[in-house]
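Just so you know, the sequences run in chain order A and B. For the first sequence, my numbering begins at 1 and goes up steadily by one. For the second sequence, my numbering begins at 1 and goes up steadily by one.
It cannot be assumed that every hint is accurate.
To be verified - Here's a subset of chain B near chain A, in silico, CB distances under 8 Å, partners left out:
| no. | residue |
| --- | --- |
| 1 | I107 |
| 2 | V108 |
| 3 | V109 |
| 4 | G111 |
| 5 | R112 |
| 6 | L115 |
| 7 | A117 |
| 8 | L118 |
| 9 | G473 |
| 10 | P475 |
| 11 | F476 |
To be verified - Each computed DSS-like pair below joins lysine-lysine, with the alpha-carbon atoms no more than 25 Å apart:
| no. | chain 1 | residue 1 | chain 2 | residue 2 |
| --- | --- | --- | --- | --- |
| 12 | A | K54 | B | K383 |
| 13 | B | K458 | A | K54 |
| 14 | B | K164 | A | K54 |
| 15 | B | K128 | A | K54 |
| 16 | B | K357 | B | K383 |
Don't read these hints as lab results, they were simulated from the structure. Note that the Cβ used here is the ideal one computed from N, Cα and C, for glycine as well.
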Amino acid sequence: MTGYHLKLFVTGKTATSERAIANLRRICAEDLRGTYSMDVIDILEHPQLAEDEKILATPTLVKALPSPLRRVIGDLSNKEKILIGLDLQPVQQPSGKGDAQ
Amino acid sequence: MSNHAHGILEKIETGIPGFDLIARGGLPKGRTTLVSGTAGSAKTVFSTQFLAAGVTSFNDNGVLVTFEESPGDICSNMMGFGWDIRKWEAEGKWAFVDASPSPEDEIVVTGRYDLGALLARIEYAVRKVNARRVSLDSVGAIFTRFEAGPFIRGELFRIASALKQMGITAVMTAERTEEYGEIARFGVEEFVSDNVIILRNVLETEKRRRTMEILKFRGTSHQKGEFPFTVMPGQGIIGVPLSAIELKQKSSDVRITSGSEELDRMCGGGFFRDSVILVSGATGTGKTLRVTEFIAGGAANDERCLLFAFEESPEQLFRNATGWGVDFEQMEQDGKLKVVCEYPEVAGLEDHLIQMKAIIEDYKPHRIAVDSLSALERVSSIKGYREFVLGLTSFIKYQEIAGLFTATTPTLMGGASVTEAHISTITDSIVLLRYVEMYGEMRRGLTVLKMRGSRHDKDIREFTIDAKGMHIGRPFRNITGILSGNPVYSASQDVERFGDLFQEGQKV
Chain A
1 MTGYHLKLFV TGKTATSERA IANLRRICAE DLRGTYSMDV IDILEHPQLA EDEKILATPT
61 LVKALPSPLR RVIGDLSNKE KILIGLDLQP VQQPSGKGDA Q
Chain B
1 MSNHAHGILE KIETGIPGFD LIARGGLPKG RTTLVSGTAG SAKTVFSTQF LAAGVTSFND
61 NGVLVTFEES PGDICSNMMG FGWDIRKWEA EGKWAFVDAS PSPEDEIVVT GRYDLGALLA
121 RIEYAVRKVN ARRVSLDSVG AIFTRFEAGP FIRGELFRIA SALKQMGITA VMTAERTEEY
181 GEIARFGVEE FVSDNVIILR NVLETEKRRR TMEILKFRGT SHQKGEFPFT VMPGQGIIGV
241 PLSAIELKQK SSDVRITSGS EELDRMCGGG FFRDSVILVS GATGTGKTLR VTEFIAGGAA
301 NDERCLLFAF EESPEQLFRN ATGWGVDFEQ MEQDGKLKVV CEYPEVAGLE DHLIQMKAII
361 EDYKPHRIAV DSLSALERVS SIKGYREFVL GLTSFIKYQE IAGLFTATTP TLMGGASVTE
421 AHISTITDSI VLLRYVEMYG EMRRGLTVLK MRGSRHDKDI REFTIDAKGM HIGRPFRNIT
481 GILSGNPVYS ASQDVERFGD LFQEGQKV
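Just chain B, same shape as in the assembly:
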């Protein structure tokens, strides 16, 4: 009430995960919001979920006015999301107004008419279950059944005004023909113009990408732009509100081991507890080994570790680990390790992100490794990938745990991958693994490129791999150009001479 006194529009939470963040609180209370989208853009799911969440989470009863599907179809379709509408109907929490076409409904018009019957039925249903939420899905059908003119628009306006008078918060869905074109068919937006949400299902480089956008909320604020969302079985619509992520993670001085004493020394005492580390290297440089040691180091300190593997099966991972003297099986039995293996292709990136978040929240690990993050590049557009990486890293940082990601570089001798380009600025530390060609032999080099908030070793050190894992040795002294992939040897005298040069410079 105090809000009314100040003239601020109240909102009600829809209960659709992610959406309320984008909408800064939910839908404007007591008003009708137009939800417009092309075929298959999840309009019906949105409008049903708005009511279902009302029943399950807010004790708000709902009325669904259905113009296309029959109530029976809706009930069985929505069971997959875990919404037992039949039960709610029996409990008096839900009512249908069935305005779906029936076979005998060949409409013959014999003079003037109006949609008074529809309005009377909606009012009756609202009274019957004492509803606070109403969805109308989808009003376009009424134009095709009656007439596509201003008369029906006027009738719908009458319904929207009546809902407003009853203090109902309503969702009205409408079709649109193009993803980026007029707001809705038949000019529906002309009568519910206060609040417009657009759901999109865009084809981007052979991948479907769902987004929601709040076009306008008259008199109140909301986040701008398109936000990805996904439709999950058992849950319904889940929004991924990326710009809702705030940069307010706490920062810790606590160091944790990288799983290698030598690397800890190079990092100035280990990684920070709530940091994100990127390990980048070509195929075969030892990224998975780095991951294995990172996990072994955690488990040795009684930490719970979570590994997401997108390239290898559990059997392969366990066998590899054994080859480096790490017993994953024992760690799993001790409850210190959980390995999740999946092909990147099994789901869209939004779905991967939601699943990974759910597993992290459920398992509550102290450290997480993703091997490899770059494997996920190929199942999405660049834009979608960037959003995914941002969403995942910010989530991990928010949990105040350590995350180690690996990225495979596209060329053998180095070079930057898409992953590096998109996440290097949001990672706290970057460790590069590189092949170094020396006198007809492939050696391996490691360097800590970046270590936010700490001193670190700037050398490029050689490392070897044996049955006990990774051994980091001495720096490469007389080679330059390792990182660029073009190693050039210089005689040792030259190196000394350069050293003298800079020392003299310092004296002046």
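Chain A on its own, in the form it takes in the complex:
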């Protein structure tokens, strides 16, 4: 199994940024269990990185690895959408994905 590389772009230390960071940490801890690396990038400090990745909205979560590249925007408060949107496969799912409910 290849490790995930996730990049979270935020603008400054706003409430939305903090919420997104916390939500992402929780998802990673609960669903990805150590098979990931994660960068939090503040656009105000590194605007060129946002330019390179063509980020418009913040927070934006980018799944850099494994390919394909995927992104979701928002404060990551909807876990289901994140998992589907990023093509993340939670480790703790022994059988079919549809049974998660």
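Got chain A; can you put chain B on it based on the hints?
Using the frame of chain A, we list chain B on its own:
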């Protein structure tokens, strides 16, 4: 600064030819102007030209925020206008903020977000090149990618306010769906409502006609109404600011020859040097001959002559001239004549006008002839034609040179053409050439209908054409109704009797 003290809004020149005249100086400084238009109305050209002219003419660096086309596409598309954006980028005079969609950009929303990243990138780019101008093209795309609601409008408002704080003069383009309908899609105008420009590309009797209109400039003045413009390769947008033309041409008493001694006599000594003369007649009455003699007369006095021909090729013109004893070829070799032949259909009237102006400015002639002006009627709507004629005549008068236009009348025996209806009041002189049917024979008649600022011969004189050109002879004495196309003969006694009648009247 002193302007601020008086509360007058400063403007900055855009460098878009014609536009600054309409805008009475340019765009309001330090503000965002909305440029709205339908697809293909040259919004991208406008927003790019605003930046390009800043770099080339005013030493103002620029940032282009592109929401639709990729920077690569824009660079190659704009090369055709002579704008080398890649070079400016390398020189640190230009920066892109690439907000164009990419394939993986299928947006999944997982909660609250804002467009802070876009704003941060714009601010970063502005700082990077120390920009004073920013264009955003076109913001409609952002509504279709995110959501078409008040939230995105609010975000764009935030960007516009940030630009204002940085003292940036910005252009923001937006789509509209109809030429005459709501200002822009998604209610964009609600947040940049200070300044609105509308670009139109209207289909009028099978012809496309581009116009620009300044809908409002809050706190400052501008010209009202739609102004035609065109997009030219190598130049970009060129406005034709018609009502910006002022009636302040100087007037001269200097007479120049019409190329015919007899006609000079009829005009009281020749045409005035800075006048516009209309020669009107049916096909075959000798209009092109009149033009040829006008040019020959100029060249004989060492004047530089320019001929725009819209009906005949250079070969035909030269052959005809030779037939009347005028050697165009020799005149051309001596540098006294330049002939420009073109089919009216090759371009729109705005383009013709701009080209003709450029040639006039380049060649600096003393006299100009256009044969025939009425040939251009058919490539435009009446409105466009009127604007063209007005633009051309005022330009010629402004140059203080003589212009002779010909107009073909629609019927053989006379009658007024569209050309006459639109330019007769702005011409200084009108010469009519008419067929006169006499005892089963077609003769030709000439009269000077109008000669502003001078006495002139009121007779309708017969003229003949031979290998030496035009010969103006005696007046038609016992025919009336030539101009209306219904000649009626009266016996010579009647004419004398009428003469006596008026003389007696004078004695009383």
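A quick look at each hint next to the structure:
Given the 8 Å rule on beta carbons, the hint for I107/B holds: about 6 Å separates it from the nearest Cβ of chain A. The criterion of a C-beta within 8 Å of any C-beta in chain A is met by V108/B, whose closest approach is roughly 3 Å, and the hint holds. Hint status for V109/B: holds, given a least beta-carbon distance of 5 Å to chain A, under 8 Å. Hint on G111/B holds. Least Cβ distance to chain A is approximately 4 Å, under the 8 Å limit.
With a cut of 8 Å, the hint placing R112/B at the interface with chain A holds, because the nearest CB-to-CB distance is about 5 Å. With 8 Å as the threshold, the beta carbon of L115/B comes within range of chain A, its nearest partner Cβ sitting at about 6 Å, so the hint holds. Hint status for A117/B: holds, given a least beta-carbon distance of 4 Å to chain A, under 8 Å. Evaluation of the L118/B hint against chain A yields a held restraint, the C-beta minimum of about 5 Å falling below 8 Å.
Annotation: interface hint on G473/B violated; nearest CB of chain A at approximately 81 Å, more than 8 Å. Restraint check, P475/B versus chain A: the minimum CB separation of about 81 Å is more than 8 Å; hint violated. With 8 Å as the threshold, the beta carbon of F476/B stays out of range of chain A, its nearest partner Cβ sitting at about 80 Å, so the hint is violated. Our distance criterion of 25 Å between C-alpha atoms is broken by K54/A and K383/B, whose separation comes to about 47 Å.
Of the supplied pair hints, the one linking K458/B and K54/A is violated, its CA atoms being roughly 77 Å apart against a limit of 25 Å. Taking the CA atoms of K164/B and K54/A, the gap is near 24 Å; set against the 25 Å cutoff, the hint holds. This hinted pair checks out: K128/B and K54/A have alpha carbons roughly 17 Å apart, not beyond 25 Å. Proximity of K357/B to K383/B is assessed by CA-CA distance (about 20 Å); at most 25 Å being required, the pair is judged to hold.
Of the numbered hints stated above, those contradicted by the structure are hints 9, 10, 11, 12 and 13, listed in ascending order.
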